[in-house]
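S.K.: Given these sequences and hints, build the entire structure.
For reference, the chains in residue letters:
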Amino acid sequence: MRVQLFATCLVDTFFPETGEAVLKILDHYGVNIVYPREQTCCGKPPNSAGYRKEARQAAKHFISVFDGTDPIVIPSGSCASMVKNHYPDLFKDDPKMFRKAEALARRTFELSQFLVNVLKVHETGFPNGHGKITYHASCQLTRELGARTEPLELLKSIKGAEFVPMNNADRCCGFGGVFMGKMPEISMALADDKVDSIIETNADIVTGCDHGCLMNITDAAKRRNVDFQIKHIATVLAEAL
Amino acid sequence: MRNEELIRIFMENASKVAAKPIRVEGSNKLNDILDEILANETSVYCPAKTELEKSVIIDVERRVEALENATSSVEEVVAGIAETGSIVVSSANGRALQTSLLPTYHVALLSADNIFASLDEFFKIMGNDLPTNVTFITGPSRTADIELTLTIGVHGPEKVSILVI
Amino acid sequence: MKKPGGQSINFRDNARQALQNPTLRRAMRHATETFRNKRNDAIDGIPFEEWREQASELRKSIIGNINGYVDEFAVNATKRGAIVHRAKTAADARDLITAILKDNGAKSIVKSKSMVTEEIHLNKCLADLGFRVIETDLGEYIIQIAGETPSHIIVPAIHRSKEQIGQLFCEKLGCDFSDDPAVLTDTARKLLRQEFLSADAAISGANCYIANTGSIVLFTNEGNGRMVTTLPPLHIVVTSIEKALPSIDDLPLLMRLLPRSATGQVLTSYLSIISGQRMAYSTMDTKRLHIVLLDNGRSEIARGPYWEMLKCIKCGACMNVCPVYGMIGGHAYASTYPGPMGVILSTLLNGLENAHPLLDATTLCGACAEACPVKVPLLKLLYELREMRVAKGYNNTLEGVSMRGFGIAAKNAHIFRTGQASAGALWPLAGILSPVTVNRLPKPVKRTFRRRFS
Numbered sequence: 437m438r439v440q441l442f443a444t445c446l447v448d449t450f451f452p453e454t455g456e457a458v459l460k461i462l463d464h465y466g467v468n469i470v471y472p473r474e475q476t477c478c479g480k481p482p483n484s485a486g487y488r489k490e491a492r493q494a495a496k497h498f499i500s501v502f503d504g505t506d507p508i509v510i511p512s513g514s515c516a517s518m519v520k521n522h523y524p525d526l527f528k529d530d531p532k533m534f535r536k537a538e539a540l541a542r543r544t545f546e547l548s549q550f551l552v553n554v555l556k557v558h559e560t561g562f563p564n565g566h567g568k569i570t571y572h573a574s575c576q577l578t579r580e581l582g583a584r585t586e587p588l589e590l591l592k593s594i595k596g597a598e599f600v601p602m603n604n605a606d607r608c609c610g611f612g613g614v615f616m617g618k619m620p621e622i623s624m625a626l627a628d629d630k631v632d633s634i635i636e637t638n639a640d641i642v643t644g645c646d647h648g649c650l651m652n653i654t655d656a657a658k659r660r661n662v663d664f665q666i667k668h669i670a671t672v673l674a675e676a677l
Numbered sequence: 003m004r005n006e007e008l009i010r011i012f013m014e015n016a017s018k019v020a021a022k023p024i025r026v027e028g029s030n031k032l033n034d035i036l037d038e039i040l041a042n043e044t045s046v047y048c049p050a051k052t053e054l055e056k057s058v059i060i061d062v063e064r065r066v067e068a069l070e071n072a073t074s075s076v077e078e079v080v081a082g083i084a085e086t087g088s089i090v091v092s093s094a095n096g097r098a099l100q101t102s103l104l105p106t107y108h109v110a111l112l113s114a115d116n117i118f119a120s121l122d123e124f125f126k127i128m129g130n131d132l133p134t135n136v137t138f139i140t141g142p143s144r145t146a147d148i149e150l151t152l153t154i155g156v157h158g159p160e161k162v163s164i165l166v167i
Numbered sequence: 097m098k099k100p101g102g103q104s105i106n107f108r109d110n111a112r113q114a115l116q117n118p119t120l121r122r123a124m125r126h127a128t129e130t131f132r133n134k135r136n137d138a139i140d141g142i143p144f145e146e147w148r149e150q151a152s153e154l155r156k157s158i159i160g161n162i163n164g165y166v167d168e169f170a171v172n173a174t175k176r177g178a179i180v181h182r183a184k185t186a187a188d189a190r191d192l193i194t195a196i197l198k199d200n201g202a203k204s205i206v207k208s209k210s211m212v213t214e215e216i217h218l219n220k221c222l223a224d225l226g227f228r229v230i231e232t233d234l235g236e237y238i239i240q241i242a243g244e245t246p247s248h249i250i251v252p253a254i255h256r257s258k259e260q261i262g263q264l265f266c267e268k269l270g271c272d273f274s275d276d277p278a279v280l281t282d283t284a285r286k287l288l289r290q291e292f293l294s295a296d297a298a299i300s301g302a303n304c305y306i307a308n309t310g311s312i313v314l315f316t317n318e319g320n321g322r323m324v325t326t327l328p329p330l331h332i333v334v335t336s337i338e339k340a341l342p343s344i345d346d347l348p349l350l351m352r353l354l355p356r357s358a359t360g361q362v363l364t365s366y367l368s369i370i371s372g373q374r375m376a377y378s379t380m381d382t383k384r385l386h387i388v389l390l391d392n393g394r395s396e397i398a399r400g401p402y403w404e405m406l407k408c409i410k411c412g413a414c415m416n417v418c419p420v421y422g423m424i425g426g427h428a429y430a431s432t433y434p435g436p437m438g439v440i441l442s443t444l445l446n447g448l449e450n451a452h453p454l455l456d457a458t459t460l461c462g463a464c465a466e467a468c469p470v471k472v473p474l475l476k477l478l479y480e481l482r483e484m485r486v487a488k489g490y491n492n493t494l495e496g497v498s499m500r501g502f503g504i505a506a507k508n509a510h511i512f513r514t515g516q517a518s519a520g521a522l523w524p525l526a527g528i529l530s531p532v533t534v535n536r537l538p539k540p541v542k543r544t545f546r547r548r549f550s
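Protein chains in written order, with my numbering: chain A, 437 to 677; chain B, 3 to 167; chain C, 97 to 550.
It is worth saying that the hints were derived from the structure and are not from the lab. The structure displayed is predicted, hence computed values, not measured ones. Please note that the accuracy of each hint is not assured.
Here are some, though not all, of the chain C residues that point toward chain B, as calculated from beta-carbon distances under 8 angstroms [claimed, not checked]: (1) 123; (2) 130; (3) 191; (4) 261; (5) 319; (6) 323; (7) 342; (8) 351; (9) 363.
The list that follows gives simulated cross-link-like pairs (lysine-lysine, DSS-like), each with its CA atoms no further than 30 angstroms apart [to be verified]: (10) 22/B <-> 134/C; (11) 489/A <-> 134/C; (12) 156/C <-> 134/C; (13) 528/A <-> 507/C.
Note that the Cβ used here is the ideal one computed from N, Cα and C, for glycine as well.
M.R.: Listed below in structure tokens is the structure:
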């Protein structure tokens, strides 16, 4: 099987190790990975802030770069939801682009959904885990994409590791993309609450499918004396291979 | 649904909302039970309009004619709703709605035949020509306006008993 | 950006202040958590999704023909002896209510909770004209004596601790201090009982009105709503036009959804269906019932692109699940309606000029839309109103410039890379990020992921 990888801006600029982890996992399961080099941004920030024209410019570029029929894998719930849910809406008045956006949406997968629903890797599981792992359910992943079970299936399939659920796991961490920039005080307060929920679990690792949230949580954790690690789910899974 | 099953569900749901349902087997037992549950009440109001209300015996010293002065009231209610454990009072036939509102203890007499399984069933029977005021009562008066702490008995009764006859 | 002549809400400063108030934060955390848990318990084991879908379809069809239902209701309520008034604006509603009170020689008024009267700032108007107005819902009573506005549409004093309320009662009512909710409730009960019995008039809201029977419906818990609607000789109902139900047969669905979503109850302690003029229990005098139906821009909203907001049944579930509301409480929104529904409704009712900063009061997490019992697409509306904010020029200028640059760069990987290298991954936003936020971000890596493919 061949897939196209959209790495996301955050992975590209801040967290290349997550990109490496995605490559390692997909490679392990015999997937050929194509990285379209002209990729930029999915257009999520302007779309959330109300800049439809700019979001459309990004979407058009994305659609032209990610052509063909291969599945597109994205290690982020919010970017994947942008492509799957918001692209068709952006072109609702342009029948030709709308059809393209819909076709693209159908072959786009958030990483955990791809691993579970297409590759079914949770059935064999990951052999080399360790420690207690808890999970933050990011908003767009959970509510826009409806990926409530896939990340949990994956984490529970790691042998040697213990999955511990977190209270209010699907409550927003306060990242919210542009929200973090515009309302830093509320954003920080929400991240503090999230850190409290993580501490309650006594977990060694907190993971999630979105680097935006993990970045916000990392900042809150920095201001506190905490002894858990914060890792993207791709990294957690790659380490357990 | 069988009548007994309906009564059981009604009583179960009424208990859940902190009303006190009591099954009265045979109307001759009614006054015994009323004596018992009203033992500590200093004044009782009973409109004595329906047959059931007319069969209620309250000693003269305690019986009051003005609702405002009563600490407790006994009245027949028009229906019970099993789905919610509610009783229904209505202004039809010039009945005073405040009987279930002003006293701190409200004793409702409910004929088992008037228990409806669901809200829809009740409204179907009611039709569109509603009396001026139809009120569903689901447990005692309550508030949680202070720190969401449940406090029973605000402006309405703090105790509601339902005698299912 | 503030437009000339416009006065907008300073949401960020309000929020900042709220966050610095530990009592408020404790109260909000406790209240919203309790509400969330109660609601979750209440919708467990029932066909909630099915009811939501039915209610959504029903509300949709109502908003599509809202003035038809207003007309039908007016005819049927009038047949029952009620006097129905239609108020186009808040000022019209205030004038109408004032005139009714004056015509009836009413001086003292008891009120039961009504958000529509908050929307039209009725209490201040009546007080200025010399009327004596007493709120009788415990939460409303608390904020009335505190001189505040509601911070939640269901529990108006949710922002106050029991100690603060005890202190307030002590100061304003002259009673002994207590922080026991039962004692405080009893104090209010005793004071208010006399008010109910002696008031000249009552003003209440309505949770809905029924077109085919001419009835208005009130969901209450304390019994004050029943007191005010059955004791004083004059009753004025103030409600808004979107609260229609076509038929009495539609009421059970609302009865099942509203209390569960609002307070986690199967049904409120009292639900009163009032149809027309009534008889008093003691004197058998005919009593007068006036019903004021407020439009205040709703007909126009119903015709426009954001009409779905009017499906809202004002249960408050969206605010109880909103992370932002739960953190800062309702006053920071500086609007009658707070939380997610409040952000949208305030923008639609008050205009972007006043309310555009509220559109930043959301992380777009979508918890509101998921909780809404009538499926108002709150998340979609938030996105759309942000688009309108940009289209109408109420966005931040610097943000606009950054986004335009971003739009151009997104079409070209080379320009995009250059931009990213110089400003970090959030570069389209770099212009508007405060140093606070920039310091919270990690530092960009030297070797980006994309470089491994070059």
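S.K.: Hint compliance check: list the failing hint numbers for this structure, sorted ascending.
M.R.: Those not satisfied are hints 3, 7, 11.
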